[in-house]
Amino acid sequence: MNQHVQQRDGYSQLAVDLLAKAKHSGATEADIIIADGETFSVQVRLGAVDRLTKAREKHLGLRVFVGKRSASTSTSDFSAESLNQLVAETCTLAKAVVEDQVSGLPAADQMAGEKLDLDLFDPTRLNTEQQIELAKRVEAAAMSTDERVTNSEGGDFDSSLGRVVLGNSHGFLGEYQSSSFSMSASPVATDPATGAMQRDSWYAVQRKFAKLDSPEAVGLEAARRTVRKLGARKVATRRVPVVFDPETAGSLMGNLCSAVSGYSLYKGASFLAGQLDKPLAPEYVTVYDDGRVVGGLGSRPFDGEGLPTRKTTVVERGVLKSYLLDTYSGRKLGLASTGNASRSVGENPSVGPTNFYLAPGTKAAQDIIKTVKQGLYVTDLIGFGINMVTGDYSRGASGFWIDGGELVYPVEEITIASNLKDMFAGMEMIGSDLVFRGRIASPTVKIAEMMVAGS
Amino acid sequence: MGELVQLTSFGLTEGEVIGALGRVKVRDVDYADLYFESCVSESVSMEESLVKRATKSVSQGVGVRATAGEKTGFAYSDELTKKDLELAADTARYIANSPSGDGAAVSVPVCQRPSRDLYPIERAQAEVATADRVSLLNAIDAEARRYDPRIKNVMASFNTEYKVVMVATSDGTLIGDVQPLSRLQVTCIAEEDGQHQAGSFGGGGRVGFEFYHEGDRYLGYAREAARVAILNLSAIETPAGVMPVVLGGGWPGILLHEAIGHGLEADFNRKKTSAFSQLLGKRVASDVCTIVDDGTLPGRRGSLNMDDEGTPTGRTVLIEHGILRGYITDKLNARLMGIPVTGNGRRESYQSVVLPRMTNTFMLAGVSDPEEIIRSVDRGLYAVSFGGGQVDITNGKFVFSASEAYLIEGGKVTRPVKGATLIGSGPEILTKVSMVGHDLKLDEGIGTCGKDGQSVPVGVGLPTIRIDEITVGGTQG
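Chains as they are written, first to last, in my numbering: chain A, 1 to 455; chain B, 1 to 477.
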């Protein structure tokens, strides 16, 4: 414990020291992020340990401004000599690029103030044997429920904990700790008649160990999702209503999230450029990005620039009300940051979601499916066939055919195509089944019509 | 023999490396290795005619691995001290349930250099002055805007990576390699009547900076990105459904990577979870298809002198005249399956485990005239460039998405169509290849393959081919 505290204080001091050095090397402003953590991961396959991984890691990212010029660097080597060299190199790099009038840190009076505990950290430490046992249980549950489950890509258990220290030359110095626990099972089922195989998986992820679903519940769901794909066939090419399950509907929210990213917008690389305050979807569609959900997987007290996170209404009753912005992309668009700066070590600054979700409606998923005479229920999407500049959408899909309001048989090797603008405008129904399994989430969504290409 | 230069650059002695290897290679461990890596990545990027961002990233560390039967124990550390090495070794060998220091002998590694150098670039050549990168990007901006006034924004980035690796293995190898890699990428945004479109082009490889200047290659990238953006302004809706598709040469080889390549990676086949698991020696493609994975092509993005287990890369025939001939392997899967090691054991970094991965995957040239292949199609699609692709290994279904495609009407290439996703089944699609052109082309050097969350650079290649039928995910009925 003592050593832990000492090291933590050490990182704050390191940040302060390096900021001072940057100033000395000619930086007019600078910020620094230091992240470290421990990860553990075990995969079992057919009841035996397949892979066990354990590590500690640390990274440091430095961004300097020399007047209106800027550069970013990062390193995993914390030796004094290496860090001194890094500071000098960063300042040299910044002097080599051109001036950018809107570059710079956020205003000093905007920085996150009071220390905020979002309950992101669980000190529970599981030993190696306990974690192996959990991975074995999740796989065993997936393997034992149905005899058509014949093989396995494995059962996994992962845990990690980490800490972020962020400081800048305005004197801001913040830090928070977070943890994550997750498990998954990936069973393989074989069709007894044809020998054709199908694979699917299910997972649970939480910041608190105690909140995880039981391994048995996760394994059973993985088996259910896999076995139901057996006997999948193609369907004829036609235009029909499409119901997205919560996982695939979540990917549509991911697409929306990319389209409202400030960087895509000011570059003219998003189909939502210039659409602020214009209708995007029916009036029962509301989308939030909320960085302050207690215990949320995307929550954090401050963003990658030290600005306070907040709850942003992205789409309010069908109207696009806000983009996701950091200081730079906000200034480019003449808007204030929404506290969505994302700092991946070694990358240019960008914006990212916190907890981004479509507000739930009132209908059960079953009742939504019941409204479809002939159509598609999508459970899996593959490929990258989305043009964010135009919104054109064409992806590989699998799921179930809907006939007379019922799921009648599994389908695969088809594509679904439309344009994201038409898809958001065509959101006919929204389910009540919102569950967070990541930073981006959605309930079931019904889209009025898409082109399904099959046989 | 003699001292390996990498030992010095990692600040280690041969004795320290052998000591750590001995600590992990206990009696019940079949194989152990240490992978030391130091990597410097640099990027300069431009948008709105301003080169306004520069980044540099330094990482260094060691990955320690032990395998026993099917089990793998793995640990990594970003510190290279004796103490950190020992800690990682103790973690890695945990899976063997053996106490430390049980006296199993480690054969003393023999210092080696790879027997060839596919990318002989001196460090001085790999280090490009920031000012030179900046002027390259500025010239690209000017060229793309000169191409057509409808080009409203040009985004370009130049990325380099300089990786020094050293592998010490319990089967007696201590070997190092220096692996430079670079990529130049251009994206143009075109605007007309309020409509926007994008076009991208790029290239690279394990090449020096002069590569981009040969024949003004960098200006060619700018013009190509601009051309595709302008072309897509007039693209019409794509038809949906099953139709014949002609794939152009080069990058459309991503078809092979998704449809065939992943399914032939040994790990999925050892576990019998691949759609290709039972198909060795069987017909999976038409007679005209011969497909190889070749990591030995000089300067290519997917090439390596040795894989990340120290095995020299090679050329593996995957499909020969339509018959499935082989898998691509790493040491673990080759040992467990009793098949040859092909030099395909790769990892993203010291932080990731070795997996069997592709290098450069391509189809050998056939005999057909590319013009004749297009003429043979009455109504279909001609696709010449693609975004990305993905495959479900177990059921074999794969997709890849066109970014530049045209209708073929009456044997002629006519109007450009909007990008669309093509979907098919891996073990079936190549049986529908009826013509293979004599124009084999490798891609420009931009491919990155993702598997298990790990990204590695790869190459693909293809001659012009005709696929008699594949499902096209258009919007027009």
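Quick caveat, the hints were computed from the structure, so don't treat them as lab data. Incorrect hints may have been included.
Once the Cα atoms are required to be at most 20 Å apart in a straight line, the calculated SDA-like pairs of lysine to any residue come out as [as the list claims (entries may be wrong)]:
no. : chain 1 : residue 1 : chain 2 : residue 2
1   : A       : LYS68     : B       : LYS432
2   : A       : LYS211    : A       : GLU89
3   : B       : LYS451    : A       : SER41
4   : A       : LYS363    : A       : VAL293
A partial selection of chain B residues facing chain A, derived with a Cβ cut-off under 8 Å [unchecked claim]:
no. : residue
5   : TYR31
6   : ALA54
7   : ALA142
8   : ARG146
9   : PRO149
10  : ARG150
11  : SER200
12  : THR273
13  : SER385
14  : GLN390
15  : ASN395
16  : LYS412
17  : LYS418
18  : SER425
19  : GLY473
Where a beta carbon is used, it is the ideal one built from N, C-alpha and C, also for glycine.
(Q) Checking each numbered hint in turn, tell me which of them this model violates, lowest number first. (A) 1, 2, 4, 5, 7, 8, 9, 10, 11, 13 and 16
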